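There are 2 protein chains.
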Amino acid sequence: MARYEHIAGELRDAIVRGDYQIGAQLPTEAELASRFNAARGTVRQAVAVLVSEGLVGTRQGARRIVLGSERSQSFAELHSFAQWARSVGHRAGGLVLDSRRRPSTSSEAVRLAITPGEEVLAVLRLRRLDGEPVLVERTVYASWIAPAVEKLDPACESVTQELYETVGLVFAYGEHLIDAVAAGAEDARLLGVRRGSPLLRQRRTTTSQEGRPVECSDDRYRAGSVTFSIRNSTTANSLVRRAGD
Amino acid sequence: MARYEHIAGELRDAIVRGDYQIGAQLPTEAELASRFNAARGTVRQAVAVLVSEGLVGTRQGARRIVLGSERSQSFAELHSFAQWARSVGHRAGGLVLDSRRRPSTSSEAVRLAITPGEEVLAVLRLRRLDGEPVLVERTVYASWIAPAVEKLDPACESVTQELYETVGLVFAYGEHLIDAVAAGAEDARLLGVRRGSPLLRQRRTTTSQEGRPVECSDDRYRAGSVTFSIRNSTTANSLVRRAGD
DNA sequence: TAGAGCAACTTGTACAAACAAGCGAGACCT
DNA sequence: AGGTCTCGCTTGTTTGTACAAGTTGCTCTA
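So the protein lines, in turn, are chains P and F. According to the working numbering, the residues represented by the first sequence are 1019 to 1263, in order. According to the working numbering, the residues represented by the second sequence are 1019 to 1263, in order.
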């Protein structure tokens, strides 16, 4: 583990533990440098991690302040429903309800960077949190990964982890579009809600380390079951608002 | 403007312009350094900006690749409905429907870091995009900023900009919780949708440069009018998923 | 007493150098 | 032909230095 990662971890722990209250000032770079016996540049790198996580605010000339105290999730925890559930102390379940190959639509082709009509694997999964159905996942996999997906256990808990262990595939980058939609007939039946009731929709595209698109998915959460959280600032911004359609 | 910001801008422009296609490789650090006549560290800082924006993917040993080509928004554009609307080529409207002082609830007190019961200013605004009502904003302001807010024109387009010009207040940090809810009676009436229809809810808290909470708000978008977008990766993560309630 | 201005402190930017670590392609071997 | 190995390339980490720029509190003055 890199030096700056270690320092960032120590500081993050201290903040989460409450050693530094929200609104409190962090020690100066010079003090942190001497405390951890590192160069100032290394300390800056460590603090930059916390700033990008939204835990710490910084502006030139003034001491850094603590903005939040919640541990942020790793990419894996965010991407994998099962890993996320485990990390927040819940039990995830899952079941494949349908899995079939078909030609890709034009919008899928764009998102997966393939030619329209090229074969893809469409999978419908129902996900449970502590037994309760909370999420309908409609995922489309590029054809080159389809065979590995088809070999998975239909009740497989973590697809991400399984794909890593069987074929060494790691998901590295993701794009997420978040909006609200009304439950369709199938959504309503699977989630046990009325048709037209609100669902939180997350459309995502995931790519491998090399930047090759692996899957795109339309995930619909039952209202109240899940919330997305983002911290941003003038110096670190990742949330973007877009007009519909 | 800093050297690294200039380099980041040049590279971003080149990507947005299409000089580097999605999936293509970026020049090496050494080449960029010589091209811009800068030290390698400066180039790294520039590229780090693009990585944090999700435009570029990077991993040790391999050349960097282009992941996306969309311009990301500034914090101001994200925070201010009016500035965002302008930047994406739409016209924003707004009207204050109600504005009154009242004691804060306990949850508001936590979010604004004040003592429960301390007076706050609650404002109800309806926002339009190109004439269409798309957003109901229920904002609570801390008492120290309330006088300035009360002096604003009820039809004021950009509250953010007005507060900056009148009292020099700048919003610097924000936390956002995003989920889906059913429209209540008031929401439905104002937005012109049926009761119970899906709305995208964004609860946000904004703080000043010094980390002092200024306002917290419950914003509800008509379904289909707005989408939030985030890019993340194993190395840059800001989106967090949370269990409901 | 209120405001201007200074001085110490703190973070931001830039450069240079050296080594570590991962990737990829071509050479080599079986 | 197919797999392995090595070597050069590229990005990642760390240290050190110097100066720029913004903040904050104190002092001095009107």
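Keep in mind that a hint or two might mislead.
Stated by the list, open to error - Which stretches of chain F does chain P cover? Using the computed rule of at least three CB atoms under 8 Å from a CB of chain P, they are:
1. 1211-1218
2. 1243-1252
Said to hold, decoys possible - Residues of chain P clear of chain F, computed beta-carbon distances all greater than 10 Å:
3. Arg1021
4. Gly1027
5. Arg1030
6. Glu1095
7. Leu1113
8. Val1114
9. Ser1117
10. Leu1142
11. Pro1151
12. Ala1190
13. Gly1229
14. Phe1246
15. Asn1255
Think of the hints as simulated: they come from the structure by calculation, not from any bench. On a predicted model such as this, the values are computed, not experimentally measured, just so you know. Even for Gly, the Cβ is constructed at its ideal location relative to N, Cα and C.
Q: Provide an ascending list of the numbers of those earlier hints which the structure does not satisfy.
A: Going through the list in order, the structure violates hints 6, 12, 13, 14, 15 and respects the others.
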